[in-house]
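Residue numbers (numbering that gives the first Met the number 0), protein chains in the order written: chain A, 0 to 285; chain B, 0 to 228.
None of these hints come from the bench; they were simulated from the model. Computed from a predicted model, the values in this text were never measured in an experiment. Watch out, some of these pointers could steer you wrong.
Ranges of calculated distance between the beta carbons of each label pair, as one might list FRET restraints [stated by the list, open to error]:
#, chain 1, residue 1, chain 2, residue 2, range
1, A, Ser-49, B, Met-70, 27 to 37 Å
2, A, Ser-250, B, Asp-139, 58 to 68 Å
3, A, Val-106, B, Ala-4, 23 to 33 Å
4, B, Thr-212, A, Thr-84, 20 to 30 Å
5, B, Gly-213, A, Ile-207, 29 to 39 Å
Chain A regions said to be covered by chain B (calculated; three or more residues, Cβ under 8 Å) [stated by the list, open to error]:
#, segment
6, 226 to 240
7, 270 to 280
Computed list of chain B residues with no C-beta within reach of chain A, every gap over 12 Å [unchecked claim]:
#, residue
8, Arg-118
9, Asp-128
10, Glu-217
Even for Gly, the Cβ is constructed at its ideal location relative to N, Cα and C.
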Amino acid sequence: MTNDMPTEAVLENPRVIAGGATQVAKTPAVIETKGMSVFYGDFLAVADVSLRFQRNEITALIGPSGCGKSTVLRSLNRMNDLIPTARTVGEVHYHGENIYADHIDPVRVRRTIGMVFQKPNPFPKSIFQNIAWGAKVNGFKGSKSDLEDLVEEALRSAALWDEVKDKLPASGYSLSGGQQQRLCIARAIATKPDVILMDEPCSALDPIATTRIEELMLQLKETYSIIIVTHNMQQAARVSDKTAFFNVEISQAGRTGRLVEFSPTDQLFTTPKEKETEDYITGRFG
Amino acid sequence: MTADANVHFHDELAALERRVLGMADRAHEMVGLAVTAATQGDLALADRVIAMDDEIDENYLGVHHQWTTLMARHQPLGSDLRRMAALLQLSATFERMGDQCVNIAKIARFNEGLPRVDRICGKIEEMGDLVRPMIRTALDAYIRQDVEEARLLPSMDEPVDRLNASMYQEVVTVAGDPRMLEWATKMLMVSRALERLGDQAVDLGEMTAYLVTGERVEFDESGIMLRDA
Chain A
0 MTNDMPTEAV LENPRVIAGG ATQVAKTPAV IETKGMSVFY GDFLAVADVS
50 LRFQRNEITA LIGPSGCGKS TVLRSLNRMN DLIPTARTVG EVHYHGENIY
100 ADHIDPVRVR RTIGMVFQKP NPFPKSIFQN IAWGAKVNGF KGSKSDLEDL
150 VEEALRSAAL WDEVKDKLPA SGYSLSGGQQ QRLCIARAIA TKPDVILMDE
200 PCSALDPIAT TRIEELMLQL KETYSIIIVT HNMQQAARVS DKTAFFNVEI
250 SQAGRTGRLV EFSPTDQLFT TPKEKETEDY ITGRFG
Chain B
0 MTADANVHFH DELAALERRV LGMADRAHEM VGLAVTAATQ GDLALADRVI
50 AMDDEIDENY LGVHHQWTTL MARHQPLGSD LRRMAALLQL SATFERMGDQ
100 CVNIAKIARF NEGLPRVDRI CGKIEEMGDL VRPMIRTALD AYIRQDVEEA
150 RLLPSMDEPV DRLNASMYQE VVTVAGDPRM LEWATKMLMV SRALERLGDQ
200 AVDLGEMTAY LVTGERVEFD ESGIMLRDA
């Protein structure tokens, strides 16, 4: 870990920094990992990952089970901190600032770098409160009317408004799986994040709902940077600009994930540079 | 030892490839038969070439159906995707080669009863003898995934182009005899079809380069690969 002194202002308002600071010009990546490794206790789960995630792009993390892709994703907004044995070494920079520095508040990191999970997990509250409550918990101070505007804006951004505008007091659980997932995306958007992490967001959804989420992702990348973990290579091929392929290395110490190849998606799925990638995407395993 | 989780798809891909390469063998055979039909005025042989083309057309439609089904069901990636792309292009090229052979064979009927010119027949046969090894070389290069072998094709095509270019002068030399001129003018179409067959063999070589390198390229006369934009 570096001893950089990060400014919390970066987490609070990255676009201000991005608009004026030369630092951003030198480091155009929104998030950059440098030699990042993650341990669970003594077990090395994923080793030496160096990746650069660019603004307004969708980056897909793919690979077989146990390759560490979800671990990497959760390290990008310090979600792994919630696991007592988890330890991240190396560097994770957000707009050039180390998010693992001592005085960075992980809650603020997670607000700026939001997350959508595999299984839709709305709060046991109304559709309206699913958005409003999260925003209030995260410090929203506006009027009731401002809050209503925020809810509508978030639901519109998540392509859900037209389907729920007449039943905002209804429970979030009354929605279909696909709608619940878009509600969760709306909830993440309402906290005004800069980056949205998605951990297999469509694995519990049917093909139609999956298509809607994928279309939504393509719209959202105009505003946000998106990093998605997916088991579905075709999904990665459909939506992402760049793809990182992880594989598992089996040793006496256990199964350790490592980054094999990071390339533009078009290239990785047609002409991968590494034989390991080629073997994985064509279904051949050594 | 590499395990194959996609064994079913790879079996079907291999079957598709065998079908496409079968079309290639047919096209290769048709070139020789069509040239003989045209130069010797053999109408029975011409009819055989036309029947063989029906078979190629049928295979082309079958390949297209198999190809579409495989893409829809398996959505292949990596070298599998490149192989699928190459096979579709190859089958279309072999279908067009079959059409060119039909064009050549039909000249036998158009020229029925007209006097032949031995010198022109000799040049046409020479072109046929040059084109058939080109198709074989293109096939071998594809099967072995040998880009160096594929890059030989433009230089093999060069004498075909030269003979085709010289054919106009040959026709002029018989212009004094209207019936001979009529025959020779039709043989210009044979020469042109053989020249196209040579070009198509070069196209096949370029698909091998794509299969191996992942880049769509054009070979120039010396076999250097020119990168497409």
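Results for each hint:
no., hint, verdict
1, Ser-49/A with Met-70/B: 27 to 37 Å, "35 Å, holds"
2, Ser-250/A with Asp-139/B: 58 to 68 Å, "43 Å, violated"
3, Val-106/A with Ala-4/B: 23 to 33 Å, "42 Å, violated"
4, Thr-212/B with Thr-84/A: 20 to 30 Å, "46 Å, violated"
5, Gly-213/B with Ile-207/A: 29 to 39 Å, "34 Å, holds"
6, 226 to 240, "holds (count 3)"
7, 270 to 280, "holds (count 6)"
8, Arg-118, "50 Å, holds"
9, Asp-128, "37 Å, holds"
10, Glu-217, "18 Å, holds"
Hint compliance for this structure: hints 2, 3, 4 are not met, and every other hint is.
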